[in-house]
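**Q** For chain D, the structure is supplied; the task is to place chains L and S on it using the hints.
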Amino acid sequence: MQQLSLLLTSLPDGILLGFVYGVAAMGLTLIWGVMDVINLSHGPIISLGMFGTFFIFIKMGINPYLGLIPVAILGLLLGVAIYFIAVHRVIDAPHLSSLLATFSVNMIIIGIATAALTTSPYNVDFNMGSFDLGFTTILGTRLIAAVIAILVTGGLYFFLYRTRPGKYIRAVTNNRAAAELMGVPSTQILALSFGLGTMLAAISGALIATFFPFSILSGAGYELKSFVIGVLGGLGNPVGALFGGLILGVLEGAIPAFMETSWVPVIEFGLFVIILLVRPNGLFGAKE
Amino acid sequence: MTPLLQVEGVTKRFGGLQALTSVTFDLPEGQILGLIGPNGAGKTTLFNCINGVYTPEVGRVLFHGEDVTGSKTYAMAKRGLARTHQIVQPLEELTVRENVIAGACFGRENHSLGSAGEIASEVMEFVGLEKRADQLAASLNVAQKKRLEMARALAARPYLLLLDEVLAGLNPSEIAGMVEIVKKIRDRGITIIMIEHVMKAVMNVSDRMVVLDYGQQIAEGTPEEIANNPQVIEAYLGDPNLAKKLMGEDE
Amino acid sequence: MKNWRNHLGLIVPLLVVTGLAIWPALTDSVSNRENAFTILKAIALASSLNILLGYTGYVSFGHIVFFGFGGYVGLYFLNEQGWSIWTSLLIAGISSGILAYLLGKAILRLRGAYFALATIGINEAVKAFINNFDLFGGPIGMTLNFKVYKEYGGAAEALSMAFYIMAGLALAAIVLSYLIRVSKFGLGLLAIRENEDAAEVMGVVAPDAKTWAYVLSAIIPGMVGVLFFFKNGNVEPHGAFPLHASIELLVMVMLGGQGTVLGPILGAFAYQGMRGYLVTSDFFKDIQLSVSGVILLIIVLFIPAGAVGWLRNRFAPLRRVLP
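Residue numbers (this note's numbering), protein chains in the order written: chain D, 6 to 293; chain L, 14 to 264; chain S, 22 to 344.
Just so you know, not all the hints are guaranteed correct.
[Unchecked claim] Facing chain D, a subset of chain S residues (Cβ under 8 Å, in silico): (1) 141; (2) 268; (3) 318.
Simulated from the structure, these hints should not be mistaken for laboratory data.
Computed from a prediction, not measured in an experiment: that's the story for all the values here.
Backbone N, C-alpha and C fix where the C-beta goes; we use that ideal spot for every residue, glycine too.
Same shape as in the complex, but just chain D:
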């Protein structure tokens, strides 16, 4: 019984967090799906999104949810810039090249940000009240973040399936060579996809900053979570990432009811490796 009440207390929080994790993973998995690149600068961009909220809210006094708009635009532009500077040349090279190229971007961002912001933790004290459900209390910031995460997913879905650039992105994901033959401007589409991927990372960081303290190094942990979620939902399947995020959120909410919290990463990463081995296309993907 005690476990059940523990579960009821922590599970809702886990689920809400899961949606936000899902947005971060969506960015990673979109880039992977379109161009077969694992973006190792994902983590620092999440961190930059966190600092976006910090500067917009603390320094400029603007509501952090309104602040998501400039964060998203800057994230998009940063991603396009990273694509042309670091990724475009190695897009068809062996995986090692694109991994190291995006990792070098990671080093550059962390290096500059550490010099400017140090690695000590920041905190955005932002309060949206809380809701008492009887068995647990839900923070307003988390609830709103989850709702925004769902809206962002819906927006991405609409963009990919209902707009011309979105359809181009799906065409390039499917078969770049064929898409090029059909007249799809593949370089622009690749850059746009990379931009969208980093935009999603920045948005998720901005949302996380409304309820967790953070530093420039915090993104690394969420990057690892994004790997796990991406694999759960199927690498290259952005909508699957939302479900992957939910699963991770549920795990993080449920595991502490049964064992020490420090076992969470053991189970997460163990599951990650096992799923890579038995279902490389994700839990919902086609079986190989």
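**A** This is chains L and S only, laid out in the frame that chain D set:
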């Protein structure tokens, strides 16, 4: 005497596509079998079923009388089967010599690097690549890469050699050179199956032929029988007088 | 020796490492010894990684797991069970090798980026597990009992001995790397790197060859781990499994030239030298990570074959000398 290779009712599907339907033939030692058919007839799929890239859903493959259906490709190599690929697959960042040495090292006879080197020298000379021994495989042209594939396969000293379109994309003088090589290999006692579109060449060198069409084995026989088989003419050759042209010597 | 030229690919790296090993004694400088220790450690780790990355073509992003795991096992026997440093090194190497064998059987089926991701996952899973493993001290880790140093003549003597053992491990890593590179086994690995399917058709038993390459690339890192923690005097999970150290190793191998014996050595020198300079430079020290990042990016984009690879491609006769 048991034939070297027996293919019994081999059937392979890819999703809804029936790539091979109950293909059956025997191949006695020392012969050349020509495997022909239009593009997409299932010829390369049949090779892949024989050398273990695919496992057929139905049917068996016997090598030296032993059931080898579904063996791994490397296990087939160790048993004495070597092949070339329709799309050449050289080890690009290794030299020609290293490519051929690798063929000798890991094939049937399991040579050490030293004795593999001797075999490699001999085989490279045999296919005419000795001058390019220290070049990277990536730097060869297509005809040379095809010779390299051939050399690598031969260096393994196989019992059975599967040649997948070794003449495609070559010019007439290169074709003549390659046909000579194939005949010389046969004269060494190596059994060969060759997939080929260059009809005159394959008719000339084959002892027997098998014709595939949409995964069905529509004919089997000597080159004369194949050239005169009405079903083959209809399905594939299309020209009733073609038989004469094909069987005639070079004009 | 008439054909000593044929062995230049081994002789040059051995001379480099031997020079590095006697340099601190010649200059009688402890800080030189610290620098040399770091470079030798990098050489041993990078040369080991190169067996998997450079020869076999599998990108391991979590190779540091063997350093951490072996180090933990060795330190446990050294510290808690009172074994000698030599048997602890041995057991660490064996443990890392066994771990690699078991992992390899499972994850070497994955190719390309999927393998890279799996290695990251394994590193994180092992780190998180050790964090919960009470025998190894859980999140606190283990602190070396000072009497262990006493057995080797006190701290100064023990640290000096650790330095020479590290030099020995670096030499062993190079010899191992060279022997694999010029062996039939190594040729099979290169064939797998170039085209795994074609290699199997030629008769390379790729699943076994890859697994053994993984095992051989894991043994020396495990021993290096023990030595590093022995010298540091403690071990804890975050210091033992730093993901960024895995990536630094990849950078070194890439910098010098993957798939060559000399490459990882040059890469280790260049990378550590650059780090050393940047960290101490007044101008760069605040943004040293960014400067490293820019240099790495330029290399990845413009000379992906690394220094030795670039030389080999430019001057074909060097192929013979720089295997």
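**Q** Can you give the numbers of the hints that this structure goes against, from lowest to highest?
**A** none
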